[in-house]
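Trainee: Chain by chain, the residues run as shown.
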Amino acid sequence: MSLVPEIDFGTPASRATEQVALTIDGQTVTVPAGTSIMRAAMDAGIQVPKLCATDSVEAFGSCRLCLVEISGRAGTPASCTTPVAADMVVSTQTEKLKKIRKGVMELYISDHPLDCLTCAANGDCGLQDMAGAVGLREVRYGYEGESHTKQEKDESNPYFTFDPAKCIVCSRCVRACEEVQGTFALTIQGRGFDSKVSPGASSDDFLSSECVSCGACVQACPTATLSEKSLIEIGQPEHSVVTTCGYCGVGCSFKAEMRGEELVRMVPWKEGKANRGHSCVKGRFAWGYAHHRERVLKPMIRDSIDQPWREVSWDEAIGRVASEFRRLQEKHGRLAIGGITSSRCTNEETYVMQKLIRGGFGNNNVDTCARVCHSPTGFGLSQAFGTSAGTQDFDSVEQSDVILVIGANPTDAHPVFASRLKKRLRQGARLIVIDPRRIDLVRMPHVEADYHLPLRPGTNAAVMNALAYTIVTEGLANERFVREFCDRDAFEYWAAFVSEPQNSPEAVGLMAGVDPETIRGAARLYATGGNAAIYYGLGVTEHSQGTTTVMAIANLAMVTGNLGRPGVGVNPLRGQNNVQGACDMGSFPHELTGYRHISDDATREMFEKMWGRSLDAEPGLRIPNMFDAAIEGTFKGLYVQGEDILQSDPNTAHVVQALSAMECVVVQDLFLNETANYAHVFLPGSSFLEKDGTFTNAERRINRVRRVMTPRSGMADWEITLAIARAMGFEMLYRHPSEIMDEIAALTPTFAGVSYDLLDRVGSVQWPCNGKAPLGTPVMHVGGFARGKGNFLITEYVPTDERTGPRFPLLLTTGRILSQYNVGAQTRRTGNVVWHDQDLLEIHPHDAEQRGVRDGDWVKLDSRTGSTSLRARITDRVAPGVVYTTFHHPETQANVVTTEFSDWATNCPEYKVTAVQVSPSNGPGDWQKEYAEQARHSRRVAAE
Amino acid sequence: MSSEKLVMMANQIGRFFVPQRGVDPAAAIATHLRKFWDPRMRAAIVAHLEKGGEGLDEPVRQAVLRLKEDRA
Numbered sequence: 001m002s003l004v005p006e007i008d009f010g011t012p013a014s015r016a017t018e019q020v021a022l023t024i025d026g027q028t029v030t031v032p033a034g035t036s037i038m039r040a041a042m043d044a045g046i047q048v049p050k051l052c053a054t055d056s057v058e059a060f061g062s063c064r065l066c067l068v069e070i071s072g073r074a075g076t077p078a079s080c081t082t083p084v085a086a087d088m089v090v091s092t093q094t095e096k097l098k099k100i101r102k103g104v105m106e107l108y109i110s111d112h113p114l115d116c117l118t119c120a121a122n123g124d125c126g127l128q129d130m131a132g133a134v135g136l137r138e139v140r141y142g143y144e145g146e147s148h149t150k151q152e153k154d155e156s157n158p159y160f161t162f163d164p165a166k167c168i169v170c171s172r173c174v175r176a177c178e179e180v181q182g183t184f185a186l187t188i189q190g191r192g193f194d195s196k197v198s199p200g201a202s203s204d205d206f207l208s209s210e211c212v213s214c215g216a217c218v219q220a221c222p223t224a225t226l227s228e229k230s231l232i233e234i235g236q237p238e239h240s241v242v243t244t245c246g247y248c249g250v251g252c253s254f255k256a257e258m259r260g261e262e263l264v265r266m267v268p269w270k271e272g273k274a275n276r277g278h279s280c281v282k283g284r285f286a287w288g289y290a291h292h293r294e295r296v297l298k299p300m301i302r303d304s305i306d307q308p309w310r311e312v313s314w315d316e317a318i319g320r321v322a323s324e325f326r327r328l329q330e331k332h333g334r335l336a337i338g339g340i341t342s343s344r345c346t347n348e349e350t351y352v353m354q355k356l357i358r359g360g361f362g363n364n365n366v367d368t369c370a371r372v373c374h375s376p377t378g379f380g381l382s383q384a385f386g387t388s389a390g391t392q393d394f395d396s397v398e399q400s401d402v403i404l405v406i407g408a409n410p411t412d413a414h415p416v417f418a419s420r421l422k423k424r425l426r427q428g429a430r431l432i433v434i435d436p437r438r439i440d441l442v443r444m445p446h447v448e449a450d451y452h453l454p455l456r457p458g459t460n461a462a463v464m465n466a467l468a469y470t471i472v473t474e475g476l477a478n479e480r481f482v483r484e485f486c487d488r489d490a491f492e493y494w495a496a497f498v499s500e501p502q503n504s505p506e507a508v509g510l511m512a513g514v515d516p517e518t519i520r521g522a523a524r525l526y527a528t529g530g531n532a533a534i535y536y537g538l539g540v541t542e543h544s545q546g547t548t549t550v551m552a553i554a555n556l557a558m559v560t561g562n563l564g565r566p567g568v569g570v571n572p573l574r575g576q577n578n579v580q581g582a583c584d585m586g587s588f589p590h591e592l593t594g595y596r597h598i599s600d601d602a603t604r605e606m607f608e609k610m611w612g613r614s615l616d617a618e619p620g621l622r623i624p625n626m627f628d629a630a631i632e633g634t635f636k637g638l639y640v641q642g643e644d645i646l647q648s649d650p651n652t653a654h655v656v657q658a659l660s661a662m663e664c665v666v667v668q669d670l671f672l673n674e675t676a677n678y679a680h681v682f683l684p685g686s687s688f689l690e691k692d693g694t695f696t697n698a699e700r701r702i703n704r705v706r707r708v709m710t711p712r713s714g715m716a717d718w719e720i721t722l723a724i725a726r727a728m729g730f731e732m733l734y735r736h737p738s739e740i741m742d743e744i745a746a747l748t749p750t751f752a753g754v755s756y757d758l759l760d761r762v763g764s765v766q767w768p769c770n771g772k773a774p775l776g777t778p779v780m781h782v783g784g785f786a787r788g789k790g791n792f793l794i795t796e797y798v799p800t801d802e803r804t805g806p807r808f809p810l811l812l813t814t815g816r817i818l819s820q821y822n823v824g825a826q827t828r829r830t831g832n833v834v835w836h837d838q839d840l841l842e843i844h845p846h847d848a849e850q851r852g853v854r855d856g857d858w859v860k861l862d863s864r865t866g867s868t869s870l871r872a873r874i875t876d877r878v879a880p881g882v883v884y885t886t887f888h889h890p891e892t893q894a895n896v897v898t899t900e901f902s903d904w905a906t907n908c909p910e911y912k913v914t915a916v917q918v919s920p921s922n923g924p925g926d927w928q929k930e931y932a933e934q935a936r937h938s939r940r941v942a943a944e
Numbered sequence: 001m002s003s004e005k006l007v008m009m010a011n012q013i014g015r016f017f018v019p020q021r022g023v024d025p026a027a028a029i030a031t032h033l034r035k036f037w038d039p040r041m042r043a044a045i046v047a048h049l050e051k052g053g054e055g056l057d058e059p060v061r062q063a064v065l066r067l068k069e070d071r072a
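Chains as they are written, first to last, in the numbering used here: chain C, 1 to 944; chain B, 1 to 72.
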């Protein structure tokens, strides 16, 4: 094994189609117009010395090391800032250039501490490499120059250090922060010899600055100035493996840089088609949970949840699962057990899990956490377009002219995509934000939304209808697109519906709390501003009308013709890494892989033949239905893989009641999570670093996940599922996850062309990938919809049953923040807690003052469902009447207050609308104290 | 399962299908229930109908009648 090689071309690629031929060091080179001489040389295998240039940022021309000579031109121009020209003749190595470069390097080295042997970058240092490249043998100025070694290191960031002694002021970090990340946290302070990299104001360090710890600066730094602390501690890696991040639905590709089985660092992979070499604080740095001391590595069982856990062998644990599940089925019937697949697990793990349930349990009681996030996307888009997925790839945003973001907060929840989006906005694309909160995108450095619609939670469908009203009644519909690609009758019926007075901006604006002219302006911009793309998240789906709003979004894209080409489309931003894949893999109780209904005889028979089992044609229970059935007494056993339903699902007391009513709860996870407090069997799972398989991201991209270390518990997750199946008499024979994918491909038309061999050859593919699209499908619905004609559906606004009133006058909406992920099981066990160590309640100053609440005070949050206490953060990011919190910490359990109201079509819970009251409090409430005690009691492990 | 919850969920489904173009709402609602509700949920709402069907909107009541016919 070795390090995966990456070539730094020095400057970004030109996208020009015109080709230019020139001569470099006697070689003829042909490159796109606009390419720098440096990049053209590298294309020909000629490395021009460089320090301030790297291909992730635009050329800067400051280090004066990459100088070249050009026939017929005076001087020695920098090759990074000089574009190629036809018939140009370039020399990269002449006596004159050699002399200049040596002189430049002498100046750099005279001001640099020569502690190379003990330097973290030893062996991977741009300065060291260039000293070698230019043949530096002496420094005429001596080595006694100002080396800044007395300057204090900035070690405030939990993951990297800033050592000013090593800085050569190349500005690569500053430019990466601006151009790649788009945060503008860094600058060069001072002039001349006093120049230094500075995060924010002079009083700031990296932690207190606006730095979001994405790692782009560390990646760009050519010296040890910005170094990962893990690298400093461990040393340089000796091999690397390309794999896929286990956090959000962006699905970033990383090189896991290793020393033996020890992970040194995660470095974003430039060839990754989702992230294009960028990363965020979670994927780049927050992987320490894999080795956290609370990680459980041995199987455990207990007879009741009052007892301490007892560590047992794998055989005993698997045997217990099988015997208990069989006992429950014999006593309570075939339908009395089920399972929940995980969007954090691979496609292959998810596939065998649903196969176990359908083929081994003999029922369809399988569901996935997508139930509680994007299930309305699957149903809504399938009805409108014929496919349960987003329409574009992430590259598409680079061709968007108008970007509409609704119910999503990309800078926090999908930060790497957000950086690409912000880059496009800085290039001039226009922005519409529809969100109850003033999310960062509304106004931040170099980004400002043209329109922000701060709608009242629960009114999404109405506002989308009002946008459609404006488009239709003002004659802005794309008649040609509708005529060619959509069902004409459905369009006319829908157009008449949205033109009704109750859908006008004036009527809707009053009810939704949005200025009608803002609605009209946003609609006009979306319809007429060029390529318009919609990006949406759980702020759309997690409502009683989640599916309706997804359909309304689809209507809006169709009526304006914003589908079927790059730059446009309907783009659900998936929360977890493999939400799309979990849905694709047949995790829903009514569907087999590829979204084919279980009642379809032909499809079911195909699976029956392959699996050697007869399958139930009836849909199974969805997660909320499982809870209800458990409380009713007809559902007795549950196998939960990689999900913490107790913390993530609504109305915690209801979930507790359901779990407590079951006789055998099996949890497969990394940690004793909150659900495990009510479990009888614990099976230790694997982190993404220990997995072999694939994840499918929000753009339908199937990416390889490659094992970089042995599963710490001794068994891979898919092997555990197979062992349970075997113990229950259902043999699944796979030697490797690639064989599972082969079976998926054989049974699923949209995956027919997918294989590990293909993924290893081309990197990744987006489904559909089959005979018609052997290398996948970046953009869907080109030249027509998957279902034939696009279907306009009536999206009548129906207010939620959750209402404010005198007792509960405020509306609570929940969400995420950048540094934490979902229920926090992973990120709470990393250095990320420095940014967010507790859930806070955002409340408007007006509402806070009315209640006598000051910033930082404990407050009690009451709803009709329950009550919890947390600290208040006073901010006008939320509108008066709206409060907001996150659900990352079990000490808070935000879902104690959320309700069981759910989406009409899919039962996706309505997390985003809960009527609440806020009042001053002295600290955690009784329920929190009791829960903490129960959790402590439940997590006891008996001594051997 | 709680009849109250099932009635609420079924009525939600009804409110979507009633205004749709060219569909028989009762048929569309019944199809949705068949495709997405587990048999015990369907049995429970049929049982609720047999006890008078309190709270069911009319098209939903018609849909549940069709589910009852499925079981005949």
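It is worth saying that the hints were derived from the structure and are not from the lab.
Treat the hints with care, since some could be wrong.
[What the hints assert, rightly or not] As a list, the in silico DSS-like pairs of lysine-lysine whose alpha-carbon atoms are at most 30 angstroms apart:
#1 Lys35(B) with Lys860(C)
#2 Lys270(C) with Lys423(C)
#3 Lys35(B) with Lys423(C)
#4 Lys609(C) with Lys35(B)
#5 Lys423(C) with Lys196(C)
#6 Lys229(C) with Lys51(B)
#7 Lys68(B) with Lys5(B)
#8 Lys68(B) with Lys331(C)
Trainee: Each hint needs a verdict: does it hold in this structure or not?
Mentor: Here's how the hints hold up against the structure:
1. Proximity of lysine 35(B) to lysine 860(C) is assessed by CA-CA distance (about 42 angstroms); at most 30 angstroms being required, the pair is judged violated.
2. Only pairs whose Cα atoms come within 30 angstroms are accepted, and lysine 270(C) paired with lysine 423(C) is accepted, the gap being roughly 17 angstroms.
3. With a CA separation close to 44 angstroms, the supplied pair lysine 35(B) and lysine 423(C) exceeds the 30 angstroms bound.
4. In summary, the hint linking lysine 609(C) to lysine 35(B) is supported, as the alpha carbons are separated by about 23 angstroms, within the 30 angstroms threshold.
5. With a C-alpha separation of about 26 angstroms, the suggested pairing of lysine 423(C) with lysine 196(C) holds against the 30 angstroms cut-off.
6. The straight-line distance between the Cα atoms of lysine 229(C) and lysine 51(B) is roughly 68 angstroms, outside the 30 angstroms bound, and the hint therefore fails.
7. With a CA separation close to 19 angstroms, the supplied pair lysine 68(B) and lysine 5(B) stays within the 30 angstroms bound.
8. Between lysine 68(B) and lysine 331(C) the CA atoms are separated by roughly 27 angstroms; this keeps the pair inside 30 angstroms, and the hint holds.
Comparing the model with each numbered hint stated earlier shows that hints 1, 3, 6 do not hold.
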